[in-house]
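Trainee: So the chains spell out like this:
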Amino acid sequence: MFSTTKGGPRRAWCLALVLVCASAAVGAQAYVKYSPSIDLTMVTEANDSLAKNVIKNGMTIDKNVWTDLVESQLGVKIKYKWISKSDDENRTKIDLDIAAGDISDILFVTDITKVKQMASAGMLADLGAVYDKYASPLTKKIMGMAGKEAFLAGTYDGVLCGIPYTFGGAEDNTSPLIWLRYDWMKKLGLSEPKTMAELVKILNAFAAKDPDGNGKKDTVGLTAFKDLWGGLDGLEGFFNGYHAYPTIWVADSAGKLVYGGIQSEALKALKGLNALYRSGALDPEFGIKSQDKANELLVGGKAGAEFGAGWNPVWPLFQSHDKDNSVEWKAFRIPSADGKPVLVSMGSGVNGMYVVRKDYKHPEVLVQLLNLWFDKVYGERNEFEKYSNPPGDQNWEVWRLAPVAELMSHKNYNYTLQIIDALKSGDTSKMNAEAKGNYDRVVGYMKRGEQNNWSWATVFGPGGGYAAMKPYFDGNCFMVDKFVTAPTKTMEAKWATLTTMQNESYIKIIMGQGDPDKEFAAFVSNFKKLGGDQIIKEVNDWYSSLKK
Amino acid sequence: MHMPKRKRVSWFRIINGAFLIAVAIVCLLPFVYIAAVSFSSSTAASAGMVGLWPVGFNVNSYKYVAGRADFWRAAYVSTMRVLVGLPVTMVLTILMAYPLSRETASFRSRTFYVWFLFITMLFSGGLIPGYMVVRSLGLLNSFWVLILPVAVQAFNIVLLLNFFRQLPKELDEAARLDGAGHWRILWTIYVPTTTPALATLALFTFLTHWNSWFDGLIFMSRPENYPLQSYLRTILIDPVVLQSSGDWQVMASISDRTVKAAQILIAALPIMAVYPFLQKYFVKGIVIGSVKG
Amino acid sequence: MKATYGRKRRARSPAFFWRTHVQYSRFRRELPLHMMLAPGVLLALLFYYLPMGGLFIAFQHFIPAKGFFGRQEWVGLDNFVYIFQDPYAFRALQNTIAIAFFKIVTGIVVPVFFAILLNEIVSPVLKKGIQTAIYLPYFISWVILGGVLVDLLSPSSGVVNSALRILGAKPIFFLGDNAWFRPTLIVSNVWKEFGFGTVVYLASITSIDPGLYESAKIDGANRWQQVWNVTLPGMRMIIVLMTVLALGNVLNAGFDQVFNLYSPQVYQSGDILDTFVYRLGLQQSQYGPATAVGLFKSLVSLLFISVSYFVAYRCFDYRIF
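Chain order of the listed sequences is V, S and D.
Position one of the first sequence corresponds to residue 0 (numbering that gives the first Met the number 0), numbered consecutively onward.
Position one of the second sequence corresponds to residue 0 (numbering that gives the first Met the number 0), numbered consecutively onward.
Position one of the third sequence corresponds to residue 0 (numbering that gives the first Met the number 0), numbered consecutively onward.
Hints are computed from structural coordinates only; laboratory data are not their basis.
One or more hints might be untrue.
[Said to hold, decoys possible] Here are the simulated DSS-like cross-link-like pairs (lysine-lysine), alpha carbons at most 25 Å apart as the crow flies:
| hint | chain 1 | residue 1 | chain 2 | residue 2 |
| --- | --- | --- | --- | --- |
| 1 | V | Lys301 | D | Lys126 |
| 2 | V | Lys329 | V | Lys200 |
| 3 | D | Lys169 | V | Lys215 |
| 4 | S | Lys62 | V | Lys51 |
Isolated chain V (complex conformation) (with noise of 0.2 Å):
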């Protein structure tokens, strides 16, 4: 039946008989089985990480569980072009395939610029249609989970040409909470701030009056970096609880776009750090340290607050736990400034998408393999064990072999969610295999005092990060990036000098140099004369044209 000799119409009459059966078995996962097998060139990054932790027991990047399994179930054969091995080379090199117009048959790309330019150039096949139809339930409802915007961000011209990539959640590359020392809050008889107020006092506390108790005045309060911005030791949070959003797009109350970073509630904000930097509560050297550099602080014992995310107890804090068991960090709500509630910042949770090049002649072989990857892991018959986290070893994580992966979003939360709800009844049965190994991490610590269980404890545990993330969720008080698109025109020539003006005032009103109205004043009206307003106008009629 399946005839090489032939190809072509015959192939497609094949192909189009199994469907029918395919689709004609109810509930059963139906996979189209290419026979004789295809090929299916895909390029990967391999960081150390992943060389170290995860190419093991026999398995390769070219030879593992799951290019069997992709093999066995769909007939494809992956070969990999090339591997790279970090995030600098991996975008030069897909930028080189680009232009050498050689680009692997399914490309993931971090970059949504070059899909748009991509899509523009015509190299990309189109997956609207081969997505309704092969897309499984499961997969539909799952990609559903990440919002419209998500699909919206791959959609050129109305065409779809990318599907996004939503890894774990938007609200790890921001900081929505403020990450303070617990042991020193306890020894300075101070407790959970609930308004901004009391937040600057704790901050003013730590670097004034000697919490490590050395006599020395040799502490900080808040950390920070010169970029300002991010899921560890950044500033968003701050900047949130005085309702401003630098970073991203918000409608303004006209339904209009605007940047956050230029509106007045931002100088506000950056007024209150100003008043931290002169009371020494915010490291004075802030303005030249790379995160790493400011991490120093933190783990030497020598800062007492970050703005972060659920996360930072497994890198850095947990080195300052290490040091010295005593240390206690919690994760708190970002207090208001006003009363009013606050809002966090977040961007749209797509970080890449999956392009199938244009005349490659199976496009529906990323649906395919995306159905494979939602059924084997979180599908009801999944086999998390053997694709996804191997038992025992926390860092054996099989699933980044998988060609084509998409993690559920708000997987950690989720997960915290499960482990609060266990510990209280004992019942572990629907977790899956990553979640009980948290869940036994956590145990390990509260009941056993594993301390090197601890970082996993204030993460996932009922007093830790995701678990202060409970209001937000509850509330939905998150101000969501409404801009979800590759850049603009003007964008891609300005933004990027707009981006650094904006740093460098900011930095410059923190640190007190100038008048700050004057100085914001400034900066506001240079944004806008160098592509501020242009940019503002291209990006409400990308806006407009979605309501439509």
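Given chain V's structure and the hints, the job is docking chains S and D onto it.
Mentor: Chains S and D in isolation, oriented as in the chain V frame:
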């Protein structure tokens, strides 16, 4: 002949010596620091607590590196690269410097060649054209891509041709009277008498090969084929990049400063060993003197 | 007689035969030289000249997706305009020239100075040791040195400022103060690279005929007079050469170093052309402007080297190439 007199110890010699030793120590300090970090505990290193002495002494990072096959494979690639690349480049440099050191009178195309070489020092097409050329020559992912594109170094050639020019004309004339052609003159006279210059160039070439990381990164399709510095570059990643992909578990395992320090130190050892090895060629111009006599 | 006969018969002058003979034997004499150059020339053609053809990207709005040979949009000088009308471009250019100038000057003077001093060391062990030590810093990457310097120069906890405090001076925020950032760049760069240049100068000193020193000593010259009259002139050629070559780098103020040491606070004095271009989103593949800047730098280097070549020729009667 110069008669060595019994001198009283010269003040100048003492001060000079002391000054230079002090400078040398300042230059060594960062290596001492890196070494100290490599022998310290990971936490102390991340807390910035390590100065010039290890804190929490241990050899874990070295044990770890010793077990990383990737690291040693990359070291092997780099070694092969030097063993092949050094002779290739040196020979090419010598072959090109000699004709260019001739007078224009005896070599009329000299000016043309000089400009030809000179332009290569200044103008470059950039990454993409370079990559396209390598690709069309079929050199992607091959060992020779580490050798051939960098075999011709205009800077070295210009340096050597100047050293060649410094040799006295009488040597040339004497050899020519003996009926020697260019090849013989080059290999029997020029090369042996410019050993300091050649040693310098050998050093530079060795260093270029040992330290270059970009070509290995771009032109190799598999990390197994990376030379050492390319490999190191990929582990010195800025954690911020990883963070934005939410990959905090990876960050935790990559950020170990002590391991990075150990790898850097090991990679620097050949460099430290090479110079003393080449020292014996930097001899005061005895050779010129003997030829003259 | 024969020649006369030949002249009548074939109307060819003896000069013709002579010239052909000369040309032929000249060719035979020069042939080995051409052959020596051949392999290098071939490699240079392949790996330098062929890619140079890609310079046309500087005049295109280059989108990698359209392909290298694809139909890219020709924009003439637009890329150059784009770079230079950016408000920070001029600042970057100024910084680049200022920083590069001082780096070039210190990059010659300091190694020459050390080479001379090192030459005076008698003990071969000490000499070897010092030589090895001083050229090592060249090999530490700025990624690491950056972190080290932040600590060393920290106003609150750094060694340098502690020393300043003891001497009664106010602490200086070296890496955060626009007045101090450039000197910090230059001093740290000298420290890192002087060992390398010293090697070259030392090699040139050892090539100086010892007989010249002997004659000078017989004439009663002391150590400094020897340096002035024998050593320096003997090195003159190499110094001039190295200077001219360094001038070719007049717009390379050192991306690696600046990138790892700078921060928004000191963009004003420290942002150079390369870091500026880097931030313009070259990670986002703006190859047109990047190539344009590269081309601009090359042209300026060409100008500087040509000018200094002629100066060296006219003033020092020395042809570098």
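Trainee: Against the structure shown, which of the earlier numbered hints fail to hold, in ascending order?
Mentor: 1
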